[in-house]
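J.: For reference, the chains in residue letters:
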Amino acid sequence: MVLKTLNAMGPQHGYGVARRIEQTSDSLLSINHGTLYPVLLKLEQEGAIASEWGVSENNRRAKFYRITKSGRKQLESEVSQWAQATEIIARFLVLKGTKV
Amino acid sequence: MIRTLRRTWNRLLGSLSAKRRESDLAEELDSHIQLLREENLRHGISPDEADRRARLQFGGIESTKESYRDQRGLPFLDALAQDVRYAFRGIRKDCGFAAVAILSLAIGIGANISIFSLINSVLLQPLAYKEPQRLFAVGELLPHRFGQNPLGVNPVHAQEWAKQCRLLEQVAAMRSSRADLASGGVPVSVPSVDVPHNLFTLLGVEPILGRTFIPEEEQEGHHRVVILSESLWRSRFSADPSLVGRSILIDRQNYEVVGIVPAWFRVPYGVMSATNTRFEIFRPLVLGEMRSVG
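Chain order of the listed sequences is D and F. Here my numbering is used: the first residue of the first sequence is 206, the next is one more, and so on. Here my numbering is used: the first residue of the second sequence is 1121, the next is one more, and so on.
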């Protein structure tokens, strides 16, 4: 979700990413914003995203994250894996549904 | 795979520059909370309440930092560094105690190493000779005159043992001396030993060049032959292979070089008196001369 958000919105700080995830999910997913940071760190260490300091809309110093080339690749492969997984699950559910 | 490697590498770097990253993290999280707070203020919430809600939305700041830290570095490395720092603080605080502890460890380790190297060379490593278990050093005791101190062996006795004692396969008596070597440079005095012709076969030593002594060379008149150690041959005669067969000047006499023995070869001379000389020159033991040998 973080990768997708950064891919769609361009460079964002942590707050922006958290807000975006909440908005996209229509607030169905309400996350503790704090939990986002270890995830961002992990992605950065893996090289999927990069960060640099910038100035936020309220004129404060903030760290902006952007997706990298390898991050886009990772996003693509995870999207297709997710599609595959949901498709398989969906098939099972449909099969059961017809029998019942 | 590459992702994991890259991540591990970055975590290693993270462990090294923890301090700067710590302040970065605090600033980043703080800025996030301020953004949440300002958003709440925009919704017309009172400043105190806005602040409270911002913190609620963010979740535990300290727990976030904690899990961030665990991911940033390698916890194992961080803990190790912490322990080392703690240890050094402890040492600085109580120097006397630390000195005693370190000293006793040092003495313990040192003693252990020296005892082990002794046991290793004396008991564990076999002697560098053929069939060392059948090899004995022999001394003579004259209790009424010299008590229990072993003495050098009378060469006539050695000869008789070789003839009559059937338990002994071979007997080799030796006598050490020094030899003045005049050939191959400035004259020097080097440790020398007179040995019987059978010593080399008895100990299983093959010359690297030439031959060992033959029985006739133990006779007066044929005994002006010499075997050199490899180290002497290399250092003084530049490892010249044509040296074998040539004459060199030892103790103002001409001796023909007949062979070179390998550098590792040590004559087990002085076992009883616990001396350990490295002999460079070997000459035949002529039993016409009646002197005590070791």
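Please note: incorrect hints may appear among the correct ones.
[To be verified] Partner residues are not named here, just some residues of chain D that face chain F (Cβ under 8 Å, in silico):
| no. | residue |
| --- | --- |
| 1 | L234 |
| 2 | S261 |
| 3 | A267 |
| 4 | K268 |
[To be verified] To list a few chain D residues with every Cβ distance to chain F over 12 Å, as calculated:
| no. | residue |
| --- | --- |
| 5 | M214 |
| 6 | P216 |
| 7 | Y220 |
| 8 | R265 |
| 9 | E281 |
| 10 | I293 |
| 11 | I294 |
I should point out that these hints are in silico values taken from the structure, not numbers from a laboratory. Where is the CB? At the ideal position from N, CA and C, for every residue including glycine.
J.: What hint numbers does the structure not satisfy?
T.: 1, 7 and 8
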